[in-house]
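Here the protein sequences come in this chain order: A and B. In terms of this note's numbering, the first sequence opens at residue 1 and continues consecutively. In terms of this note's numbering, the second sequence opens at residue 441 and continues consecutively.
Source of the hints: derived by calculation from the structure; they are not laboratory data. The beta-carbon is built from N, C-alpha and C at its ideal position, and this holds for glycine as well. Hints may be right or wrong, so weigh each one.
Covered by chain A, according to a simulated footprint, are these stretches of chain B (three or more residues, beta-carbon under 8 Å) [as the list claims (entries may be wrong)]:
no.: 1; region: 461–470
no.: 2; region: 538–548
no.: 3; region: 794–802
no.: 4; region: 840–846
Now the in silico label distances, taken between C-beta atoms and shown as ranges [as the list claims (entries may be wrong)]:
no.: 5; chain 1: B; residue 1: Thr443; chain 2: A; residue 2: Asp374; range: 31 to 37 Å
no.: 6; chain 1: B; residue 1: Tyr600; chain 2: A; residue 2: Val235; range: 45 to 51 Å
no.: 7; chain 1: B; residue 1: Ala510; chain 2: A; residue 2: Arg37; range: 40 to 46 Å
no.: 8; chain 1: B; residue 1: Arg884; chain 2: A; residue 2: Gln109; range: 53 to 59 Å
no.: 9; chain 1: B; residue 1: Gly462; chain 2: A; residue 2: Gly55; range: 46 to 52 Å
no.: 10; chain 1: B; residue 1: Leu452; chain 2: A; residue 2: Ala124; range: 46 to 52 Å
no.: 11; chain 1: A; residue 1: Leu51; chain 2: B; residue 2: Ile883; range: 27 to 33 Å
no.: 12; chain 1: A; residue 1: Leu267; chain 2: B; residue 2: Pro442; range: 21 to 27 Å
no.: 13; chain 1: A; residue 1: Arg41; chain 2: B; residue 2: Ile580; range: 24 to 30 Å
Some chain B residues flagged as far from chain A (calculated, every beta-carbon gap over 10 Å) [said to hold, decoys possible]:
no.: 14; residue: Glu529
no.: 15; residue: Arg534
no.: 16; residue: Leu760
no.: 17; residue: Asp831
no.: 18; residue: Glu952
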Amino acid sequence: MIRTGFRPTLRLTEFQLLISPGLLAIVGLLMIFLVPRGLVRWTWGDIWVSLAFAGLALAISITFGLRGFRGDQVLLPITATLAVIGLLMIQRLHPDLARLDDGYAALAQRQLLYLGAGTAILWAIVMFAGPLRFMTLLRRYKYTWLLLSLALQGATFFFGTEINGARLWITLGPVQIQPSEIVKVTLAVFLAGYLDEKRELIGSSWRVGPLSLPPLPYLVPMGMMWAACLLTLVVLNDLGSALLFFGIFLVMLYVASGRAFYILFGLASFAVACWVAWLAFARILIRVQNWLDPWQDPLDTGYQQVQSDYALASGGLLGTGFGLGRPTLIPEVHTDFIFSAIGEELGLLGSLAILGLYFLLVMRGFAIALRAQDGFVRLLAAGLSAIIGIQTIIIIGGVIRLIPLTGITLPFISYGGSSLLTNFAIVGLLLHMSNLPRRA
Amino acid sequence: MPTVLRSVAFVLAFSLIAFGLGTGDSVSDARWLALLGTAWVLLLVATRVRLPAALPSFNRSLVRTALVLATVFAVVSAQLVRIQIVQSEATVNRSATAPNGDVVANPRLGNRDLAVRRGEIFDRAGNVIAGTERGDGVWIRTYPDPATSYVAGYYSPLLYGTFGLEATYDEELTGQAGNNPFLRWRNELLHRPQQGVDLNLTLDAELQQTAHDLLGGRNGAVVVTDVETGAILVFASNPNFDPNALFTSTPPENEEASAYWEELNAAPDSPLLLRANLGRYTPGSTFKTVTAAVAIDEGFAAPDDVYEDDGDIDIEGRVLVENNRPDPTRTEWTLAEGLAWSLNVVFAQIGLEIGPTVMWEYGERFGFGSDIPFDLPVAGSQMAGSREFLDSLNALADTAFGQGELLVTPLHMAMLTATYVNDGQMMRPYLVQSVETQAGETIRSTEPEVWRQPISAETASTVEALMVNAVENGSVQAATVPGYVVGGKTGTAETGGDDPHSWFIGFIGDPEPRYAVAVVLEATEGGQAGAVGIGRDMLAATITSCRPD
């Protein structure tokens, strides 16, 4: 049964949960402006940003209720909390970064713009996806999404702008977009459609002598994905996206097929390929070196990682407090290394709390997948949640030197338009899917 | 998976992480990563729960994925604990050398130090030696008195760290030691400046100034100690440095400070090497007091024992010429006269009588070859480069009158002198009288303490009398201070090519000796007169300014 018509509902849980990120935004921004300067006086002008964001979040919740939206009530508060922390961090880094480089002069304003646009996308998806039969569109044109993914990655290769040795951006007039951020969503949409369609083949397998090989519909995309991810790594030097894409693929394949063997085989073969790449390419060797011991070359290749280590270590348990650390000593602190800034200023308690929020977000997404009736929706919900989880692990793991560092954004927190817009779109899609008919 | 196996895997994973967290020396050393990887695999086993058979395949895989994700988040959390808590101190203070030789350190350290209201250092009368003043968002270190400043050392948070008392007492001065831990925690939480505790020194700024006036820019050192306690009243060294010029609180000041630093390090006479505690000199004839003490303490000789000195002595074919006899026609001299007139031939014979074994043993008792416990690092004194050196008769004879391979610091000579007049007790020297919070609460107070007793009280008083005799009847009459009992001994350290260094050690009392002095003047043309004059005036100034408490 598909609900139609507007039957307003009370989204009290969501509304209540949104109060804490709202207060966090206001108090946090006051701290950022007042504490480092030793001021106690403030004006509404200092915190209009936070008031606007808190108001926006509450307004969204209310319009959802008025619209009769009966979906998940926890996703939006978690997303809002993460976004607020990102907003505060960028507001806090902005003056310091702007002093270092004129290029950062509009950093905070741009981030606000992206945040507003992201929120708008989330809102629009939830409000209008139903009437537009969004899920049907997504499912029906799955090969279009595949082509779009390939085209975007191809365009990055041919027309991409190389920054810091990695080709991740396409410049379109005044804006730079990061195609891999879009591709991660279109890829998940394609895989959900494809794997759902081939679902019946799960039981079958090929027998070659004693070996039991996956059926062709799994084997072919597996090989293609494997090759595409390796190309991303080698040609674009984008280890982060390669890992992310392959991770999404493996999770969705496993969820669809239920066969751990495919995953282990996929992981092992990708690991071998990475190892070969490590031997073959000096820049990957440097990455590994910086992961294991950046102190060998603390001024050149290891500089960023060493500074990040200093920042995280000086945070300790409680952190220095907002605005009282020196995270801007780390190059690219507002994107790849924003987690180090959080670690320094909010301490272990803050960094663990944020980790916990991401975990909750993913689990909530999985819960939506579990409850969904439709096979495509289930796979898509699982895939989109996995994107957030895997991306978080890849970048945080890299920053804290658990795995080699990769240039990828921390969802909702890092500076960057493409990243914010797509991650908000993911949450919008998850919210929409949570409101679809459920399994009994 | 059976529940038992899962529980074991969980406990094992937890223990591995706990063990790994506590060990290893780097955030991501290979061992820790291997441990963590193993723990992760164990966690995967531990979370492999039995799922109801009725669960659809899709749900089953999704639950498994969620559990795997949970283990990964657990591993990430463990690494966060390691980087932010366990390895925090080590990483914050870690420095590394780049391939081009530049040293990289945590840029936060300097500013963290500057945010601390560093404890102040005062002389015995409460004069500021190292002060703390409020600057623009930071605390500025000042050293108002050039005569005492370098005794505090330097404090250069942005560039060169700490040195001297600033280094020895860094924990106290930054408030890490001595303060209430709860207050520290509260200050940290509320971002209030940490308050260091203050040091009250035994140093007397006025006497220190006198010492510098007497040195008059010549290289050398003056140390004055209270013989009964070991408290250091004067600790003057030339050359020295201006710690004000090494303190910086903002990067623009660093250039000038670095230039001064380069200059200090390039200077041929090494101003950072404070002569009083770090300068090692040949003691020359001042060491005859030690030789006399050893001979008397071991019963080899008494003050009235007579030795033959007819102007030279032949030791294994080497002729040692005597220049110091006041009367060239006399050939027989007592030990007392030998010390009073500094007769090398007499002391050569005494040294040979003592023999290498006893000589070396007494050297160890007097602190040669030991680290002298003090508030500043002290260069080690040596009787000889090795024990075997003394096996040569000529070497033994040379050592007995203060040459050979002997090396001593002025501080050590002052301590030796004080030992003679303090019943043979060698006191532990100290500069810091007490450590006090800014609220005036005394945290720690230095109690005088006997470091060693190298000789008996009787021997000590005999040597004391010999030194008084040297001033009253011998060659050190220039050291006389009317109205007081003064004992002393001069020395000349042959340095090979340049002009010799000259020494004076002595004590003053009214009549019980109370202060001992050691003076060394580098490469002085005028001979011993300079050192004796400084010593005498220093002793006179000390006893007149420091009335008994």
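The hints, checked one at a time:
Against chain A, the region 461–470 of chain B contributes 5 residues with a C-beta closer than 8 Å to a partner C-beta. That satisfies the three-residue criterion, and the hint holds. Only when three residues or more bring their CB closer than 8 Å to a CB of chain A does the claim for the region 538–548 of chain B stand; here the count is 8, and the claim holds. Only when three residues or more bring their CB closer than 8 Å to a CB of chain A does the claim for the region 794–802 of chain B stand; here the count is 0, and the claim is violated. Here's how the region 840–846 of chain B fares: 0 of its residues keep a CB closer than 8 Å to some CB of chain A, so the rule of at least three is not met and the hint is violated.
Between threonine 443/B and aspartate 374/A the beta carbon distance is about 36 Å. The supplied range of 31 to 37 Å therefore holds. At about 49 Å, the CB distance of tyrosine 600/B to valine 235/A agrees with the hint of 45 to 51 Å. A hinted range of 40 to 46 Å holds for the C-beta pair alanine 510/B and arginine 37/A, which are about 42 Å apart. In this structure, arginine 884/B and glutamine 109/A meet the distance hint of 53 to 59 Å, their C-beta atoms being roughly 56 Å apart.
With their beta carbons about 48 Å apart, glycine 462/B and glycine 55/A fall inside the hinted range of 46 to 52 Å. Against the hinted window of 46 to 52 Å, the Cβ-Cβ separation of leucine 452/B and alanine 124/A comes to about 50 Å, which satisfies the hint. Distance hint for leucine 51/A and isoleucine 883/B: a CB-CB separation of about 50 Å, inconsistent with the stated range 27 to 33 Å. For the pair leucine 267/A and proline 442/B, the supplied restraint of 21 to 27 Å holds, since their beta-carbon distance comes to about 26 Å.
The hinted window of 24 to 30 Å between arginine 41/A and isoleucine 580/B holds, with their beta carbons roughly 28 Å apart. Look at glutamate 529/B: its CB is around 8 Å from the nearest CB on chain A, not clear of 10 Å, so calling it non-interface is violated. Here arginine 534/B does not stay apart from chain A, with its beta-carbon only about 7 Å from theirs, under the 10 Å limit. Against the 10 Å criterion, leucine 760/B stays outside the reach of chain A, whose nearest CB is about 60 Å from its own CB.
Aspartate 831/B, annotated as away from the interface, keeps every beta carbon of chain A farther than 10 Å; the closest lies near 50 Å. A cut-off of 10 Å between C-beta atoms confirms that glutamate 952/B is not in contact with chain A; the least separation is 57 Å.
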